[in-house]
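> Chains as they are written, first to last, in my numbering: chain C, 1 to 305; chain Z, 1 to 305.
Treat the hints with care, as some may be off.
One copy or two, it doesn't matter: identical chains are merged, so the pair holds either way.
[To be verified] Heads up, simulated SDA-like pairs for lysine to any residue below, C-alpha to C-alpha not over 20 Å straight-line:
hint	residue 1	residue 2
1	K246	I69
2	K17	W107
3	K284	E37
4	K71	E106
5	K40	S254
6	K245	D289
7	K74	M3
8	K7	F292
9	K284	E44
10	K33	E68
11	K284	G78
12	K304	Q260
13	K12	L239
14	K40	E286
If you are wondering where the hints come from, they were derived from the structure by calculation, not from laboratory data.
2 protein chains.
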Amino acid sequence: MSMLNSKIDLQKCSLRKLAQVITLVENEEEGSKLFLENLKPLREVPVIGITGPPGAGKSTLINALIKEILKADKNLKGRGIAVVAIDPSSPFSQGALLGDRLRMSEWFVHPKVFIRSLASRGSLGGLSARTIETVDILRSAGFDFIFVETVGIGQSEVEIASLADVTVLVLVPESGDDIQAMKAGVMEIADVFVVNKSDREDASRLKNSIQSAAYASGHSIPEIVHTIATQQTGIAELLKVILEKKDKISDERSTSLLVQKALRIIQNNLIRSVDISMLTETIKKESSDPNFNIYRLAHHIGSKK
Amino acid sequence: MSMLNSKIDLQKCSLRKLAQVITLVENEEEGSKLFLENLKPLREVPVIGITGPPGAGKSTLINALIKEILKADKNLKGRGIAVVAIDPSSPFSQGALLGDRLRMSEWFVHPKVFIRSLASRGSLGGLSARTIETVDILRSAGFDFIFVETVGIGQSEVEIASLADVTVLVLVPESGDDIQAMKAGVMEIADVFVVNKSDREDASRLKNSIQSAAYASGHSIPEIVHTIATQQTGIAELLKVILEKKDKISDERSTSLLVQKALRIIQNNLIRSVDISMLTETIKKESSDPNFNIYRLAHHIGSKK
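Sequences are here, hints too, so could you generate the full structure?
Spelled out as structure tokens, the structure:
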């Protein structure tokens, strides 16, 4: 019998059981589909995306936010805090787990903190499928806060923005170039900018860059919070700003998030239904034919679904 | 009558006509599907992905490579060089076009250089759909070299690696942190590492970081080329290394690239077939129902395709 029983009480089961459930769904074990179709994710739980370039201090910042949240009992009515760390390195290297994640290791045994690493590499569309599903399981499991951490400048923020209620872009004073390169793009994605390591030179220059990028692209001046995560400086302020943003999400934004999510799920379902080894065999056999055309092949496979 | 006639001779038509064709396909004008299904992309044309963090000098490097290629007539048997610059900023801001791309502006009127900007933001799955199609049109149009430039650290290299024959990751001496964060991930993606601005301090330290990251993840020592793109230093060597890599692509790698590509096309076809405004209306209407479940909705829509 399948271990994935849709009647599991996700709000009451142990963290260990919850971790198992996530693994079973990740591995697409029997019953996953039905399980997901019976989830009841709680909308009111804030899902907070934390993104930014390598070295900006994202893990340290989440660390500091966890500390801040745990300080006051009133913050925790439910299971506490869940962190989904999306690891862009190879699934078998565990690179980032041993490195960056080490900074979060003090929470590994804390009863109110649940940390889950997801490897994003190697599976087409896999990042979104597994991340979306994991977050929805966590949303159904009674956590008070869910953080999703991704490394990146470029495509990754777009992905996270379609998943998180509030997206926080973490930068360091030296990130001026990044802002330059992203221009209006970041303005549409980030709800909150964090200038971390703000005791360094150029912190105010970065703030100016962000403001002028907003101005130049016709956006209103965004929320910018200065932090020094290693010293807890600015963290209470950041938490306040994040929660205010979450409260102010418009209906339009909520709908648009759900549309994006539905499209990703549709995509992922389709990709999961393709027989990759058969596709590989077909391509091996046919691609040497001078008349081989991949659009025709894709059309043929897609139309059989 | 559709302007997209499958009988257009892409190898002989003007660059102006070619640009029009790309726009028509981008806009999914009538006839696009048939047009793509009749393309004959030339496999032997090297498609060279150039990626890396903002500020690493990707545009300057492409600039230098164009100069290097144009130096020798023997490099150009066909139409010359095409550059696809993927712009992560908002489609309406033209941010990067006015900034980074300005460095390439000397080529805008050169008869042997064709530059095309693609905005990647805002369209789910759109980056890959339009990029894949544009590259295939260029591959069918008799260019000698095709460069595809993306900004990013994170997801974007993965995208480009499934599209390019050879992926070049451009770093600067200060990028040590990036390598740290990416670990084995980059090793699987980048065929060639460029340490640009290699007259700066820490250039050799970065080389060591790359080598030890390779070692730690069990990969063979990758190709690392030192350049100073603004001075043409190392560019001839880089071009040589790129072309050698292209010549040595294994059958396995070719097949795997085609499989990735087919999957993306299947995904994109599906997404294009979804009626977004109807989906939005459905979500608006149903999402307030406490029993609303997005997986059920996605399953329902997907199964109707």
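> Hint by hint, note whether the structure agrees.
Right, here's what the structure says about each hint:
1. K246 - I69: within (16 Å within a copy, 52 Å between copies)
2. K17 - W107: This pair counts as within: shortest intra-copy Cα distance 18 Å, inter-copy 60 Å.
3. K284 - E37: between (37 Å within a copy, 19 Å between copies)
4. K71 - E106: Within one copy, since 15 Å is at most 20 Å while 58 Å is not.
5. K40 - S254: This pair counts as within: shortest intra-copy Cα distance 16 Å, inter-copy 43 Å.
6. K245 - D289: The answer is neither: 56 Å in one copy and 24 Å across copies each exceed 20 Å.
7. K74 - M3: So K74 and M3 fail the 20 Å test inside a copy (35 Å) and across (65 Å) alike.
8. K7 - F292: between (49 Å within a copy, 17 Å between copies)
9. K284 - E44: between (49 Å within a copy, 17 Å between copies)
10. K33 - E68: Answer is neither: 37 Å inside a copy and 54 Å across each miss the 20 Å cutoff.
11. K284 - G78: Cα proximity of K284 and G78: none, with 53 Å in one copy and 29 Å across.
12. K304 - Q260: between (25 Å within a copy, 18 Å between copies)
13. K12 - L239: neither (27 Å within a copy, 60 Å between copies)
14. K40 - E286: Result: close only across copies, 14 Å inter versus 46 Å intra.
Checked against the numbered hints given earlier, the structure breaks hints 6, 7, 10, 11, 13 and satisfies all the rest.
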